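S.K.: As a plain string of letters, each chain reads:
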Amino acid sequence: MFISKEMIHSLHFLIYLMEHKKVLIVYNDYGISYLFKKILDKPNVTYVTANSFTEVEQILLESSFDLIITDVTIEGAFTNEYLYYLKTKLPGTSIVILSEMNQNDIKKEVKSLGIHDFISLPTTVTDLNNKINCFF
Amino acid sequence: MIEFIRYGLDYFFFGYGIALFLCYFGFVLLAIAAIKSNAKRAEFLNVNDIKGANDLPSVSLIAPAYNEGKSIIINVKSLLSIQYPYYELIIVNDGSKDDSLEQLIKEFSLEKAIVPQVSNLISHAKVRDVYQSKDLKYKHLTVIDKDNGGRADALNCGITYANTNLVLCTDADCIIEQDALLKMVRPYLEEIDREVIACGGAIGIANDSIIKNGTLKELRLPKNIVARIQVVEYIRAFLLGRMAWTQMNGLLLVSGAFGLYPRQRVLEVGGFDHATVGEDLELCIRLRAHMERLKKPYDVVYIPETLCWTEAPASFKVYITQRDRWARGLWETIKKHKYLFYNRKYRATGMLFFPYWVYFELGAPIVEFLGLIYLIVCASLGIINWPFAIALFAAVYLIGCIFSTVSILLYTVNFKHYAKPSMVIKLLLAAYLESFVTHPVMVFAEMKGYFKKIFGIKSTWGTMSRKGFTTIK
Amino acid sequence: MGLQDLIVFIYFLLFIMVLLWAALAYSLIYRYFRTKERIKIKMKVIDAIALRFLDHKRATYKMHWLRRYVQSKRQRWFIAGIFLKVNNVITTLDDTSLKTMAADIGLTKVLSQDLKSLVWQKKAKALLFCYELGLTEHLKTITSYRNHSHILIRREAQIALVVLLGWKSLKLFPYITYPISLWQQIRIIEKLKIYHPEPIEKFVILACQTENPYVMELLVRIIRSFDLEHFKGYSIAQIESPELFLAETALETLQSFELNTLDVNQINLSLQRMGQSPFKLKVDAFISQHGNRLSQQL
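Chains as they are written, first to last, in numbering that gives the first Met the number 0: chain A, 0 to 135; chain B, 0 to 472; chain C, 0 to 297.
Note that these hints are calculated values from the structure, not bench results.
Since no wrong hints were added, every one of them can be taken at face value.
Simulated pairs of lysine-lysine, DSS-like, Cα-Cα distance not exceeding 25 Å: (1) K138(B) to K106(A); (2) K39(B) to K121(C); (3) K115(C) to K39(B).
Since this is a predicted model, take the numbers as computed values, not measurements.
Please take these sequences and the hints and turn them into a complete structure.
M.R.: Below is the structure:
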């Protein structure tokens, strides 16, 4: 059977697409979201950052994501409604909370909204990478 | 004799004016010191650190609503968007005649709930029902539906249901900055030897601004000149006046639209007074008097940053109604607490702060009004030195403009809300028009309020018709 | 005052007005450029920090520009602020840590000089930086500030001692004479939880000798936060305190523990000695709640 070069390229592209992941990082401080992006950087993963609810809405209009890493509170929306919005907008996407606001009540509330994981800040680079890698 | 009276009046008005300008000049210096010290202290208590802290005082946000159907949903969403780990929101529907309650029930999936009253120390109109949401998203929300009793009564009702350390009294038509509570609890977290009995935040005007999801998306200056002038008025009052009083610990007023109090202290003094339309000023003075009687050290604090946005009257009719009410509230409160006037028992509150309010807050419109009559009489008698009078007017006008410019400068340097050059220019122009556009109307409205009180003319809260915020989905 | 004088005065007022306009224009322009510059610096510093976290050997060579910023008085505290912000979200150890990076770029050295500054703000900030980045070498200086007359210097020094010495610092608690704010108590407990999560009870016992009600309140909070059940007797003893804030915190702490009959009896004894007050009603309600629970258990 003859396999053309184009077919091999297409196959590679398909594999790339299958393996390639898109992650949205949402944090109020643009410097910190950029830091997370840098720390979590790895091949086959594209990171997009947003710093407000308006930006999140805009980004979600244009593309979908495999994972959302977000602070529990975000400028421009109230906590529970924001998380509910993410859950309904991207039902199949995992959501991980990465927040300094890590009181037990908040964790419980977030869990009841169906969030997959809660990473309390501060955390270590290794812990952060390990926990996020579980989703790939 | 006539000459003697004339000179007497001349010197009285001149002396009063000089005293007022000296006070304002002092306020500028004190306000600069207060803003600087506030900014320095804030560096050591970051809002992000507070966000993640345990053991923070819990806060109940109490917002009375009366016929707010036009904007109730967006405003409740705004109040829900506050970032604070330990808070509950209590909306008190004060017998609204419109569909506010139905809208709330529908939007937030409310159902009747049995919520016990935490305290019965203060009375209020009958509660019909208490509602809480079935939806987990809104678990912090409680809606109390009660018979109409006025704003003070509704706040008292909310306080009796609050089960927290602090209560934040606000209005259902306010848009609150998301991190407002984190900033407002700062003084309570830092207090050591003085108990903070009230904390207020600056209030800004958001007419024609863009609201999205209950948060201020884009701050714009009001297009209407009456509302725009009030932006300057608010900046000046909050940044110069209240910050200066904070520096002296002499603040007698925490705005009703945004005031945080320790619940226990409010209960001790019997809550808000139903009998006055200036319930915010009255409560603050009563709390101070209470602490003076207990001989306990205390503080009343102000946060200079704008944390709460409201809609200002955009027509002269509504503006007059509002200022008339404020004047009546001031009159009623001063009358109720006249025992404080030069009363040594109440230390600086009685000897300095309260007398200032009598002379310069209550007295200023009266003196201005009398001055105007005196001017007309003198003009009709032809005893005015016109060139000198015009030059004097120009000087007084310029001094007023300088105070407004200083407050705009202080705001621009310290806060980011009005950072665009075009906005600053518009604000300056509005400030320079104030003396000709809104100020005479304000004096008229205040005199109207005083006349009502002097001649016992009954008057109510007054209808405050509003356009509502510009919201986008 | 004649008309001429008044006109001169008007010119003077106009001059002040022009000065104010100039100040306004300057502040707007200054803010615009400063914001732009700071965004740029912030991203560069974050880039350098991220590189350090991931590959510290490679990162060390690339920091000359950062050293230059650190030497500038205008940017120094801004850079330190970025370090502290990152430290609040990412903790690191050893050679990849922010502590060593701050030392490498000379930030530690210049900020440590501020520890001896006469300006309270600089001194307090330097203390904050010391404990956030764990600079133990300044322990002696920090200890000398623990009873400083300026509230913020004192506060930051006391937090620094807890961070740097851990539970051992509780030995110094009986010597603290000034009141402690709620925020300081929150910070101390937070730092103990992050840096020294294992409590050492012998130091708690030493700290219990304090007579300062604010330190007592802090101890009661520590007892609750670290679940130190052996010390619940200390909390019971504080219920009778004339300081309401201490008594209330003690009651809150007791609510988080399982109480036995002996504990309840002890609280009952305290209750009998109390005068009529809303707090007495609270304690009463607490006792009846626990009494019911105990009788159900029996």
